[in-house]
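Enquirer: This is what each chain is made of:
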Amino acid sequence: MGHFLNLVEKIIDTISNVLHYISNVVLCLMMLIISFDVIGRSFFGQPITGSFELTELSSALLVFFSFAIAHKYKEHIAIGFVVDKLPEKVRHFVEGAIEVLIFFVIIIMSWQIYNDAVRVMGRNAVTSDLSLPVYPFIILICVGSVAFALLALSNSFKHFARVVDKK
Amino acid sequence: MSPEIIGVLGITTLLILFLIKVPVSIALIIVGTAGFSLVRGLDTGFVQLGSTPFATSGSYSLSVIPLFIFMGMILSYSGFGQDLFRAVDSWLGHIKGGMALTTIGTSAIFSSISGSVNATTATMARITLPEMNKYNYSPALSTACVAAGGTLGILIPPSVILILYGILTMEPIGELLIAGIVPGIVQMFLFMIVIFFWVKKNPSAGPASEKSNWNERFKSLANVWPFVLLFLLTIGGIYFGYFTPTEAGAVGAFGSLLLAFLTRRLNGTKLIKAMSETTRLSAMIFLILIGADLFSQFLSISRIPVQITQFVNGLGWSPIMIMALILVVYFFLGLFLEGIAILVLTLPVIYPLVMQLGFDGVWFGVIMVMVMNIGLITPPLGISIYIISGVAKDIPIERIFKGVTPMLAAMVVAIILFTAFPELVTFLPNFMSG
Amino acid sequence: SEDTSSGESGESSSSNESSEESSEDSGETQEFAFSHLFPNNHVMEQDVVQVFASEVEEATGGEIAVNSYPGAQLAAPDGQYEAAATGVADMGFSVHSYNPGQFPLTSVMELPFMGETGTAGSQVLWDLYEEFPEIQEEYSDTVPLWLSTSEAGQIFTVDEQVKSVEDLEGMKIRSPSPEVNAWLEEMGATPVSMSMNEVYEALEKGVVDGTVGPIHTLLDYSLQEVIDYVTVGDFYMTTFFGVMNQQSYDSMSAENQELIDEIRGEHMSEVAGKAIDARSEEAVQAAKSAGAEFYELSDEELAEWEEKMQPTIDSWIEDKESSGLPGQEVYDKAVELSTE
Ligand code: NA
Ligand code: NA
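Heads up: the sequence lines are chains B, A and W, in that order.
Note that my numbering gives residue 281 to position 98 of the first sequence, counting from 1, and the numbers run on in steps of one.
Note that my numbering gives residue 441 to position 428 of the second sequence, counting from 1, and the numbers run on in steps of one.
Note that my numbering gives residue 199 to position 173 of the third sequence, counting from 1, and the numbers run on in steps of one.
Just so you know, these hints were derived from the structure itself, not from any lab.
Fair warning: this is a prediction, and the values are worked out from it, not measured in the lab.
Just so it is clear, CB atoms sit at the ideal spot from N, CA and C, and this is done for glycine as well.
Do not rely on the hints blindly, as some may be mistaken.
[Claimed, not checked] Listed below are the simulated DSSO-like cross-link pairs for lysine-lysine, each with C-alpha atoms no more than 30 Å apart in a straight line:
| hint | chain 1 | residue 1 | chain 2 | residue 2 |
| --- | --- | --- | --- | --- |
| 1 | B | 255 | A | 213 |
| 2 | B | 255 | A | 232 |
| 3 | B | 268 | A | 406 |
| 4 | B | 193 | A | 286 |
| 5 | B | 257 | A | 147 |
[As the list claims (entries may be wrong)] Residues of chain W placed beyond 10 Å of chain B at every Cβ, according to the derived structure:
| hint | residue |
| --- | --- |
| 6 | 99 |
| 7 | 343 |
| 8 | 348 |
| 9 | 358 |
| 10 | 362 |
For reference, chain B alone in the conformation it holds in the complex (with noise of 0.2 Å):
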């Protein structure tokens, strides 16, 4: 069992990575991306097409393609002052409880995203200046947000274990 969940949890961690450092490169592309549309359009005369809607895009994909890294490093805030004064095996299991909530929240956030882009895939959505389709990006976010849910889930046994350890 231990085991099994040591792997469970390395799976994950790599997911979550993976994704962060793709996160990494859409932040850059953003910058680049934008800064030469301006440097086009005011020196050039030539913009760079759709970088508007590029933008929004990667700002989608940045965000979620981080949700499960911010979680593995608590970047998600919580308010601890009441919880975090509790002894420490009663809050181990308040926090594991906790995990397992964010995992089913997300959980279900990332099922109804996927409805959503099933949705969007039906009505031929696309974007404005460039006519990409837009579903594809949702079922992106979709992933990061499965991530999310899956590192809050191998968090919980980490505190759930807390609870069972007899030291």
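With chain B fixed as given, assemble chains A and W with the ligands onto it according to the hints.
Expert: Just chains A and W with the ligands now, kept in the frame of chain B:
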């Protein structure tokens, strides 16, 4: 259950979830979705849950946030931020609280590049907090300065919120933006006065460093040029019409990156760290924004904001009493809602009332922004504080909320001042527009 | 329950009854949530949505009430059709161009020279809807309340006046759509995409030299403060849709459905067209009193513009035909109707 009762239950549930350490964003998502479902059916709550994340995270006006954060991270990791503070320290460090004063001043300057509080706060937090920490500033003071300084972002032009106010009310946008200048500067000085008394009462909060000689001072200035250059590049770029304030984030980040590489201040490892921290912090902020959107859609369908504003509308009090009540209502809405949502939900009902009572529309826009700024740094939904907490992770969030209280006093004083003397807000735009 | 719940939710949500006991008896008020993206003080709220709400209330003797949720507070600007289709709201109202690709044939009205006024344009668009099943298909999962157009879009510039195609060369112009992008490029201008909220500052600071849009948008974004010149040539139209959730529609009694059928469609399209024309007139006055100079292109001058815009029209038709839609037929009919 009526939608209004569901609304009140929702707010209560939200507070309970916050207290038991459910992340702020997740609590907002839960209550927003469940509440909407209770009013209009589970499948519609699910449609909102499925469509809002992409709509919010892919919004052009918000996409500026990661880029401004990136700019702050690069300036910080390359040591430019450190240089700036060393320089300031050599000039002002022998004054108690010198760096805190500088943080406020720098925020004011930075506000002329950035049109949003989020972007200003995130950038300034990354540049100034680590440095003040190094100089043994108390975390309460340093975070309070960043939170307060960040709110100048939408008072000093450009300002996303004042432009939106102008669009929603048809008040002249040009005059609105100019009207923000004087209150922005006065607010800045009030913050500085607070710091002055803070360190007077508690000298260890902002310790003075050794006095530097003139030679050291001018030497330190030599290291500040990249910072100055970047400010000139971005401010100049906006004011001479090369790019919009939204685009300034990208240009600023790109410029800092080039400078940092050219001056060999940044290597691959540091760059990766800067990127990684930027994306993580952005993810945190956006998850809260997604939750805030879901929550505000729910409040909107519960009709609570409309009920409150209609209630105020029907009281029949004297104009100044009604204005005081309106500002109190905005204060309470600010505790729970994000600025743009408040504007959209309430202005339609409140603005005509304000006009009918004979107040100046430009003045009201500025005052409203000042009141909503309070909401950004107060619990339970204090987005500025959450952003700061994302950078200063070792400081408990309750301490940041507590530490910022004296700054709130300065904000209230400013609001009272500009309500008592509205001409202080309106003379500049009137003068400029002839 | 999945397919009925949006119908249920259409029923009175502010009084306390559960959904089972409501609906059938008359005397109960059925409340509908109307979601749209325009701000509360906008002509689209005041003179279209509110007019629709009061006409419906009056016709049904108060049995149907329409509550408006303006300012995109329930769904994003590009999510209004979906909100109505899925039952997030009972009705939705927005601009077609926020959903590129979704209304391929409706977009014929966005092509150049389709007319001058919103009233005429709306009549043409509604007639096209009635005539072409392929256009009806674009709204197949909702009940259309109206389809309307803005008055024609013009070119607004700061500092430099545009009288000829040559004048546009080298100018940076904010463009509302890929079609306008295409002909601006054809003329040697630099099309710029940006959010409408940014246009004011962009024009003021000179990030762009001008913008293309219907005249009423000047007032929407206070642009009359910053522009100096208007070049009138009727270059395109913005189009609007108002739609209702199918289950919400079905949840009404047969009599009420008939009463609402009288109001929706051609009548409401005309109301929407007239409202935007009135707003446009107001914008012209505001722009003139702010010192803007209007220049109307003559027929001879327009010939040159038409030549540059023809490729845009051709590629629109070709694009529709290649995906099996009657692009040519719809375009020809639209031209015929608008020159009548
Ligand atoms: Na600003
Ligand atoms: Na707050």
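Enquirer: Next step is simple, just say for each hint if it's right about the structure.
Expert: Each hint tested on the structure:
1. B:255 <-> A:213: violated (41 Å)
2. B:255 <-> A:232: The hint is violated at about 43 Å.
3. B:268 <-> A:406: holds (18 Å)
4. B:193 <-> A:286: holds (22 Å)
5. B:257 <-> A:147: Roughly 24 Å separates the two Cα atoms, so the pair holds.
6. 99: Since the minimum Cβ distance to chain B is about 19 Å, residue 99 of chain W lies beyond 10 Å and the statement holds.
7. 343: holds (16 Å)
8. 348: holds (13 Å)
9. 358: holds (24 Å)
10. 362: Holds: least Cβ distance 28 Å, greater than 10 Å.
When held up to the earlier numbered hints, the structure conflicts with 1 and 2 and fits the remainder.
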